[in-house]
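Novice: If you read the protein sequences in the order shown, they are chains A and B.
Just so it is clear: in the first sequence, position 118 is 118 by the UniProt record's numbering, and no numbers are missing.
Just so it is clear: in the second sequence, position 465 is 465 by the UniProt record's numbering, and no numbers are missing.
By construction, these hints were calculated from the structure, which means they are not laboratory data.
Treat the hints loosely; a few may be bogus.
With a cut-off of at most 27 Å between alpha-carbon atoms, the simulated DSS-like pairs for lysine-lysine come out as follows [unchecked claim]:
1. B:337 to A:43
2. A:42 to B:527
3. B:337 to B:522
4. B:531 to B:520
5. B:337 to B:523
6. B:527 to B:337
7. B:419 to A:183
8. B:523 to A:42
9. B:336 to B:502
10. A:42 to B:520
11. B:520 to B:336
12. A:43 to B:520
13. B:419 to A:179
14. A:189 to B:502
15. B:522 to A:42
16. B:523 to B:356
17. B:337 to B:531
18. A:183 to B:502
19. B:356 to B:336
20. A:189 to B:356
21. B:522 to A:43
Stretch-level coverage of chain A by chain B, calculated; a stretch enters the list once three of its residues show a Cβ under 8 Å from a Cβ in chain B [stated by the list, open to error]:
22. 12–23
23. 62–68
24. 107–113
25. 144–155
26. 160–166
No residue lacks a Cβ here, since even glycine has one placed at the ideal position from N, Cα and C.
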Amino acid sequence: MGSRSSHAARIPDVDSIQRETGFSQASLLRLYHRFRALDRNKKGYLSRVDLQEIGALAVNPLGDRIIDSFFPDGSLQLDFPGFVRVLAHFRPVDVEDHGNRDPQEPEPLNSRMNKLRFAFQLYDLDRDGKISRHEMLQVLRLMVGVQVTEEQLESIADRTVQEADEDGDGAVSFLEFTKSLEKMNIEQKMSIRILK
Amino acid sequence: MGFQTLVPFGPWNWLLFLVALKCGGASSDLNEPTNSSPQHEPDVRFAAASSEPAETVSVFALDYDYVQIPYEVTLWILLASLAKIGFHLYHRLPGLMPESCLLILVGALVGAIIFGTDHKSPPVMDSSIYFLYLLPPIVLEGGYFMPTRPFFENIGSILWWAGLGALINAFGIGLSLYLVCQVQAFGLSDVNLLQNLLFGSLISAVDPVAVLAVFEEARVNQQLYLMIFGEALLNDGISVVLYNILIAFTKMHKFEDIEPVDILAGCARFIIVGCGGVFFGVIFGFISAFITRFTQNISAIEPLIVFMFSYLSYLVAETLYLSGILAITACAVTMKKYVEENVSQTSYTTIKYFMKMLSSVSETLIFMFMGVSTVGKNHEWNWAFVCFTLAFCQIWRAISVFALFYISNQFRTFPFSIKDQCIIFYSGVRGAGSFSLAFLLPLSLFPRKKMFVTATLVVIYFTVFIQGITIGPLVRYLDVRKTNKRESINEELHTRLMDHLKAGIEDVCGQWSHYQVRDKFKKFDHKYLRKILIRENLPKSSIVSLYKKLEMKQAIEMAETGLLSSTAFSMPHQAQRIQETKRLSPEDVESMRDILTHNMYQVRQRTLSYNKYNLKPQTSEKQAKEILIRHQNTFRESARKGHSLPWGKPAGTKNVRYLSCPYSPPQPAGRDVRVAEFTDHDGSDAEVPSIMFNTHSPTGSLQEGRQTQEIIPMKNLHRGGKPAHLGYQRNRTQEEQLGGGRRVVLRPKPLFHAVDEDFESGEESEEEASAIGSRWSAEHRPGRDLQGSHSPLLQSK
Chain A
1 MGSRSSHAAR IPDVDSIQRE TGFSQASLLR LYHRFRALDR NKKGYLSRVD
51 LQEIGALAVN PLGDRIIDSF FPDGSLQLDF PGFVRVLAHF RPVDVEDHGN
101 RDPQEPEPLN SRMNKLRFAF QLYDLDRDGK ISRHEMLQVL RLMVGVQVTE
151 EQLESIADRT VQEADEDGDG AVSFLEFTKS LEKMNIEQKM SIRILK
Chain B
1 MGFQTLVPFG PWNWLLFLVA LKCGGASSDL NEPTNSSPQH EPDVRFAAAS
51 SEPAETVSVF ALDYDYVQIP YEVTLWILLA SLAKIGFHLY HRLPGLMPES
101 CLLILVGALV GAIIFGTDHK SPPVMDSSIY FLYLLPPIVL EGGYFMPTRP
151 FFENIGSILW WAGLGALINA FGIGLSLYLV CQVQAFGLSD VNLLQNLLFG
201 SLISAVDPVA VLAVFEEARV NQQLYLMIFG EALLNDGISV VLYNILIAFT
251 KMHKFEDIEP VDILAGCARF IIVGCGGVFF GVIFGFISAF ITRFTQNISA
301 IEPLIVFMFS YLSYLVAETL YLSGILAITA CAVTMKKYVE ENVSQTSYTT
351 IKYFMKMLSS VSETLIFMFM GVSTVGKNHE WNWAFVCFTL AFCQIWRAIS
401 VFALFYISNQ FRTFPFSIKD QCIIFYSGVR GAGSFSLAFL LPLSLFPRKK
451 MFVTATLVVI YFTVFIQGIT IGPLVRYLDV RKTNKRESIN EELHTRLMDH
501 LKAGIEDVCG QWSHYQVRDK FKKFDHKYLR KILIRENLPK SSIVSLYKKL
551 EMKQAIEMAE TGLLSSTAFS MPHQAQRIQE TKRLSPEDVE SMRDILTHNM
601 YQVRQRTLSY NKYNLKPQTS EKQAKEILIR HQNTFRESAR KGHSLPWGKP
651 AGTKNVRYLS CPYSPPQPAG RDVRVAEFTD HDGSDAEVPS IMFNTHSPTG
701 SLQEGRQTQE IIPMKNLHRG GKPAHLGYQR NRTQEEQLGG GRRVVLRPKP
751 LFHAVDEDFE SGEESEEEAS AIGSRWSAEH RPGRDLQGSH SPLLQSK
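Only chain A is shown next, with the shape it has when bound in the complex:
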């Protein structure tokens, strides 16, 4: 691939990105190539359309929401740091990292909490910090085949919220969400091997 350093230098702000996300130079370079490849019209940023052109996302039940997660706060353009920031959530967790991490620094993007936060925002569309029953129902609808009737879906949504809801407000807050998933190996589930 030639001399990596010269290529990496082409990425703007590569050092700050690296610090923020923790990606290696090689991974950043690959991501940069991917970013450029997705950016068909060479605009320098990605728009929703560019991401929608990834065919596989069209058949992913959560495709839309995944794309939206790249565009926080309703922005229209996705630049490379933003792109990498989202993907950084999926970096595999380095166990050593946690050991000698400086507690003053903010948590790395791929910590368990941040991964959970990322997943949480897929549910919580209105960003009020809670998953209401209605939002749960919407997610269920997306993820379940057409043969399940609406009533069944509603009862499942009810039950889901009930199980996780501890303070009885009829919605699942972020803490309740994390509590309901405490047994799950989030670090492994939400990590992509190639994003070392």
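Given chain A's structure and the hints, the job is docking chain B onto it.
Specialist: Same frame as chain A, now just chain B:
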């Protein structure tokens, strides 16, 4: 000969045959089945029959000899098919043992019958039948269904593993057995080195694909899958090449010693044979791809071309003493990409199914032959040889796996774990290939052929049954699934969500290995090859080829009613739900969990799940359709109702502009104007549903302030009169019904069976649906006149 009626009924036939045998009094030895005996039999028979003067005109006679061989072969195949049906009826069985177990058992059964009824001349396999008729379909099928892109991305590892592995195994086993043979006590000293090497080469041919089905459900990672697949693919070729070379050696050096020059010549020959075969295969692949470019109007011969050219490549390679197997594999791999785009949908299906059929028939027959020769008197059992063979097979496989992968792991970005290597080691199941090669050893050069055959059979039986049955549990054990089955609904839902999320992000990241080489090849491919080999007027994006298979018009329309009925429901229910709370019994929870588990969408598998024995109906396709329809729905619903989307401006306003535009190439410079078109079938010719499908999720695209949809004509509409959809022939009658009016009649044979119930309840909303349908079309009318070069897309009336 009088009247002779051929009476084909099964079991009675055996009885009659026995009776006839006694009368005929022919006696050939069952123990030496050569292909001369079936020919002697009829002669003797004929003589016997004609020597008895026929006194009366026989009103009712039996002529079994005339049909014997095809008849018995057909019976065998039918028996195996019935066994397979039975096998799959009990749904847990395919996950427990590989299907080859079943075939072997049936073969043994047939062998027992033949032995028991003292059938003197069963059909036998000889060298030409095997190599010319039985082997090519099996190899062709393997090559055709191979996932090309991942294969080529990993080709280095695969060649390293399959090629070197086969060689190491062959020579290792051969040499070790030779050493064992030197020990006087075993009585094997007459087996010389060459014979041992030959035996080693034939016993090292593995058929691991047979076990793939067993651990398919365990999430085997893609690389592992490819290794096994690649090994299976190349292994046959390599062992046959080795076999032939060593046989040539054996013939040559029956009386002399081998000189080093000959060994060098052998190695050189190996390389030439391999590469030459691949070369011819690629050439034939390109030729056939080129020819399919011109077969628009006679699509019936498309499968024929594909099969004939593949077979031809095999034969030509064999003529030149090159490796026919590698040739046919290379042909299939090359041809597949271009042919699939060129041929019509029905030809594509035909090719797939016919290939599966041929290969399964071949394999069945080989297993039958194996069964026949198992139950018989032609064995020579030598404890030492058999046991050591078995032991060495395992030992050398272990050595080759761990050594080769240890080395290759140094160079791989994603090394194979020990678990993966164990799985690869354990999946070294032998199959029909080894048996055939052993069976076809020339007796003159191998006086102890029977011993070899016996040993081969033992190894096959052992590996297939014992390894085949235990590999499933082993893989599941190694997979270390979390044992808490009692996941709450929450966990289930969230887990699946995360799986989908992960798959989506992986797709965003794209594929990373061997980036540059593949890109270069793709560029070359696009610039030159596709221009020559692919028909014109075909949409070229890969997304299109996915959608080609979807019958979008039906789906869209059905979804419209589906959508309406679901919204009709949700309103009234919402009011009630708030009151109803906690009274849910555990059974309810259980049933809810079950509903959730069974109905949630599967995560998209990046590896193609390959099943050797049947083409599974693509559940993932069905799922993909549902998801796509949903996208379409949400877009339409929001556009129609004028919802303000959480992330953008209200959609119902001026942004919904319907302009027409000519079909734009997949990567246009500017994507300004698109059209959403919904043609109803005004015309009575219902051949081609024009597919307007938006590749992009429309909800997000509204963000851009304009429609972002793309026309993707499903097939070139100039192909008159040909149904272009895959497999949904039954829906065509609907299209014909639609021919009359403008209404969107919505009573399709559902693609999704369960939605029926929604229909029953949502009937009154059909009116609305059709109203909407016509409203959509009304909006498009003005747009149609602006058509450019794609007026055929619309049937403007």
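Novice: Taking the hints in turn, state whether each one holds.
Specialist: Tested hints:
no.: 1; hint: B:337 to A:43; result: violated (32 Å)
no.: 2; hint: A:42 to B:527; result: holds (21 Å)
no.: 3; hint: B:337 to B:522; result: holds (12 Å)
no.: 4; hint: B:531 to B:520; result: holds (16 Å)
no.: 5; hint: B:337 to B:523; result: holds (15 Å)
no.: 6; hint: B:527 to B:337; result: holds (15 Å)
no.: 7; hint: B:419 to A:183; result: holds (25 Å)
no.: 8; hint: B:523 to A:42; result: holds (19 Å)
no.: 9; hint: B:336 to B:502; result: violated (31 Å)
no.: 10; hint: A:42 to B:520; result: holds (20 Å)
no.: 11; hint: B:520 to B:336; result: holds (20 Å)
no.: 12; hint: A:43 to B:520; result: holds (24 Å)
no.: 13; hint: B:419 to A:179; result: violated (32 Å)
no.: 14; hint: A:189 to B:502; result: holds (8 Å)
no.: 15; hint: B:522 to A:42; result: holds (20 Å)
no.: 16; hint: B:523 to B:356; result: violated (32 Å)
no.: 17; hint: B:337 to B:531; result: holds (13 Å)
no.: 18; hint: A:183 to B:502; result: holds (19 Å)
no.: 19; hint: B:356 to B:336; result: holds (15 Å)
no.: 20; hint: A:189 to B:356; result: violated (37 Å)
no.: 21; hint: B:522 to A:43; result: holds (23 Å)
no.: 22; hint: 12–23; result: violated (count 0)
no.: 23; hint: 62–68; result: holds (count 6)
no.: 24; hint: 107–113; result: violated (count 0)
no.: 25; hint: 144–155; result: holds (count 11)
no.: 26; hint: 160–166; result: holds (count 4)
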